[in-house]
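2 protein chains.
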Amino acid sequence: MIKISETTVIRLTTYLKYLRQLEEKGIELLSSKDIAEGVGIPAHNVRKDLAFFGEFGTRGVGYNTKSLISSISKILGVNKKWNVVLVGAGKVGAALVTYDIFKKRGFNIVAVFDSDTTKIGKTIGDMTIMPLEEIPGIVSKYDVKIGIMAVPLTHAQGIANLFIENNIEGILNFAPTFLKVPKSIYVQNADFTALLESITFKHTNREMLNFKFI
Amino acid sequence: MIKISETTVIRLTTYLKYLRQLEEKGIELLSSKDIAEGVGIPAHNVRKDLAFFGEFGTRGVGYNTKSLISSISKILGVNKKWNVVLVGAGKVGAALVTYDIFKKRGFNIVAVFDSDTTKIGKTIGDMTIMPLEEIPGIVSKYDVKIGIMAVPLTHAQGIANLFIENNIEGILNFAPTFLKVPKSIYVQNADFTALLESITFKHTNREMLNFKFI
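Chains as they are written, first to last, in the working numbering: chain A, 3 to 216; chain B, 3 to 216.
There are no misleading hints in this set.
Each pair may be met inside one copy or between any two copies, as identical chains are not told apart.
No farther apart than 16 Å at their CA atoms in a straight line, the calculated lysine to aspartate or glutamate pairs in the EDC-like style are these:
#1 Lys-83 - Asp-145
#2 Lys-93 - Asp-128
#3 Lys-185 - Glu-39
#4 Lys-182 - Glu-39
#5 Lys-68 - Asp-36
#6 Lys-68 - Glu-57
#7 Lys-182 - Asp-36
Just so you know, the hints here were simulated from the structure itself, not pulled from any lab data.
With the hints as constraints, model all of the structure from the sequences given.
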């Protein structure tokens with residue numbers, strides 16, 4: 003069995019993001035040192051991660067930007083488009099619908115749902131808000147495997163259950179709670195506060211201890 | 003030198019979030035197994051993390067919820083309130099201003115800024131949008147150490163520079179780019195797409211390989 007940590011996967015997404023920026027700037031060749039400096043990850047980690055996935059570059063030449071993008075995209079499964087649904091047409095939902103990076107990176111929000119009947123039929127970005135009852139039809143029509151939820155804490159588990167009943171396999175959860183899901187379902191919690199707490203941790207402890215962040 | 007990984011810090015924030023939920027439910031005592039099951043992290047990791055920070059619980063009794071919350075809060079530096087500023091009054095900014103979890107967890111957005119002069123004076127949530135020129139005064143008045151930026155890619159580095167000039171030490175960055183900052187500045191990139199890519203990675207590779215996610 004191959005073991006791979008969540009952190010390695012997040013590092014791969016980081017490399018991919020940076021490589022795409024370099025590609026847009028017309029940079030065709032780059033070294034592991036270039037990537038390391040660009041993303042702030044030590045060069046030996048970059049080389050190790052890429053070698054683990056079979057990308058070795060050419061000695062003295064480095065990596066070809068386009069082909070590295072293509073390899074990492076394939077590993078991450080983003081060499082194809084993904085249709086996703088969003089539940090929750092509040093402020094966070096509105097930000098996500100208009101977040102054009104999703105589409106640019108291959109994630110297409112095909113429908114927005116809300117349980118609040120007063121919101122049904124209204125628009126959010128260029129999408130019309132639909133009732134939850136339409137989830138099964140949309141998921142099946144667009145072969146949706148990923149659901150995003152930006153709902154209040156108290157609604158989160160119910161929506162997760164609804165996703166799972168409708169064969170959704172991955173959930174991006176913006177609700178500040180922990181979902182109970184079967185092992186076969188992948189959940190990512192988007193927690194802005196955790197990111198702030200990670201900043202205050204560093205700020206607080208650098209004055210008390212000589213921590214090295216690895 | 004004590005080495006500690008970013009992942010460990012994020013795990014601590016996860017424990018804290020879960021413990022607060024249990025506290026609200028009135029649960030006063032819990033075991034590492036309870037925490038493990040609640041957050042989906044193996045129990046031996048939970049015990050190791052807590053022991054590393056000097057929390058051992060009581061054999062046969064477990065941890066006291068309140069005192070564990072207090073210890074982890076102290077470690078993370080969130081046993082006190084933090085004033086933060088936000089630059090960028092777009093859709094993501096609007097979601098952040100009204101994101102009440104920030105205040106609940108001790109992060110108080112004291113001002114919202116935007117470089118777009120047509121937005122100045124308008125309101126977002128219950129805040130009035132201010133021009134960038136007011137950053138120095140506000141940062142100094144409210145002793146702000148953390149800046150959040152939800153600005154377009156092309157503005158991001160300029161805002162980061164402005165933050166740093168004004169003695170801000172930690173940046174939560176919602177712009178899809180990499181900031182160049184001195185080593186003393188802590189940056190956290192909030193990347194929704196990376197979370198989706200991490201889901202597609204798991205979905206894609208479980209059919210090809212027998213990965214174990216650790």
